[in-house]
Amino acid sequence: MSFDEIKNILREKFGEEIIVAEELTGLQPALVIHPERIAEVCLELRNNEHTYFDFLSSLSGVDYGVDENMFGVVYHLASIPYKTQLTLKVKKYHDRSRESLPSFPSVYDVWKTAEWHEREAFDLFGINFENHPDLRRILLPDDWDGYPLRKDYKVQEYYHGIKV
Amino acid sequence: MEMQNVNAPYKTRYEKLIAEAKATEMILNMGPQHPSTHGVLRLELITDGEIVKEVIPHVGYLHRCFEKHAENLTYQQTIPFADRMDYLASMNNSHAWVMGVERMLGLDKEIPKRIEYIRVLVCELNRIGSHLIALGTYGIDIGAFTPFLWCFRDREHIMNMLEWASGSRMLYNYIWVGGLFYDLPVGFEERCKEFVDYFKPKMKELNELLTENQIFISRTANVGILPLDVAINYGCSGPMLRASGLKWDLRRVDEYSAYPELEFDIPIGKGEMGTTGDCWDRFKVRIDEIEQSVKMIEQCLERLMKDLKRTPDFDPRAKLPKKIVPKAQDYYVRAESPRGELGYYFITDGKSEIPKRVKARAPSFNNLHVISEISRGVLIADLIAIIGSIDIVLGELDR
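Sequences listed follow chains A and B, in order.
Everything in the first sequence is counted per my numbering, starting at 1 for the first residue and increasing by one.
Everything in the second sequence is counted per my numbering, starting at 1 for the first residue and increasing by one.
None of these hints come from the bench; they were simulated from the model.
There may be inaccurate statements among the hints.
To be verified - Some, not all, of what chain A presents toward chain B, calculated at C-beta under 8 Å: (1) H50; (2) V74; (3) P81; (4) K112.
This structure is a prediction, so every number in the text was calculated from the model and none was measured.
We treat Cβ as the ideally placed atom computed from N, Cα and C, and that holds for glycine.
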């Protein structure tokens, strides 16, 4: 199934506004999806017998830099029977205030493997995932301060009296 | 979408599990200092006597900020860090990294055949070494000491050969963007051929000692059965996924490097001793993969000694780019490491020599996740068998 056919399937099912943008510059084209509806889109792409993306290769949190203040999540899907790959993205503006976190729907219900990947994105980027069953830090200690892979991250000076 | 808390009144599932453990159940910490957790892995078990009710893995003890490092170093400088992710299969790690960078630069079609074959040769040697550790330590987990020594004895030959080629025993930094550190040393191919002849009968011995051993079979068959649909949904890959009965090998699916020109089969689990996807199947798939790797090494050697022979003017660094600045793009590269699908996701801005974002998709990370699903209701002793059969490397899991 080609990239354009996948686009048509999504547009037919969810309406025109579901695909916010397309990124065709690189070697792997990507679809930017409406951030609130990513979980529904993923479920459809997994269940639709023409696409059948049953394997979530990777899920990465991204901080697009301090000028733009954009946060995003990138999904790399793979279909085992069709041997195809697809990249989906969601992006959202966030002002980096400490009171709230940028938030996206969790795709845990679609692929269980997303659970740990989303925990990692939460841990390192401070991205919240709605409806995630177990959103805790995974690689860093529970009481670590800040989100290390954010572009404006400053390392805390002391951690439990130990110089970092 | 409204926020619903599936775990109310608790914030996370973890809190709920711990708080709602019954008075007759015991919460037991296995690790981080435990020989059968294969490194610094901590498993929190909720047990009812000898029965494991729930396994909660805690990872991150070996977190070395790979992604943060990669965002501060050039592509070439990150190769040693990529080596240190999965320290048992460094060649495979750097191969995947280098492949990703080369494809972003559009270099991948220009790499000389001899270099591609050398890369595959060292990767497959490393895969054998990595699988030998997995098999040997698995024997120890189950209670068989001898196979461990045999495996390490044979792995030592591989270590020595790779040291000869690259200058270091485990962390090679041998595969570079656009080429290699050095060409193979003179006489390497012959020495490698000798090793293959020596090694083939050794695998037969190992099979007789361990794989077909009745005690071993009793401990591993029908234990930790991983059904195929669960494996796919949890993102398992590599021998884990193949043992559940799916022919899925990225070397064949993506046809990268010199693999399309090599002949090899993809071994899968068939449930010979129990059910498809049990611990014995995962063990057997690794044994069979060693056989296939030996086959590949023989084919590589034949070509390296005949039509791709070393010539005096051959320079493995000829195609090395002076400055690596890929144009602005996103790229996800995936390759088959001994543990499964190893992926790197790059975001580049087209201006600097440093990537904007790198994410490493480690196979062990996804493979370990499934453990809480497949070990509900097993005995504690069987849990040891399950951990060993997953073959995790904490260096890559925690990155």
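Restraint outcome when A/K112 is required to lie within 8 Å of chain B by C-beta distance:
holds, 5 Å
Should the hint that A/V74 touches chain B count as held when the rule is a Cβ pair under 8 Å?
-> Hint on A/V74: holds, closest Cβ of chain B at ~7 Å, below 8 Å.
Hint check: 8 Å Cβ-Cβ cutoff, A/P81 to chain B
Hint on A/P81: violated, closest Cβ of chain B at ~10 Å, above 8 Å.
Take the shortest C-beta to C-beta distance between A/H50 and chain B; is it under 8 Å? violated, 18 Å
Violated hints, in rising order: 1, 3; the structure is consistent with all others.
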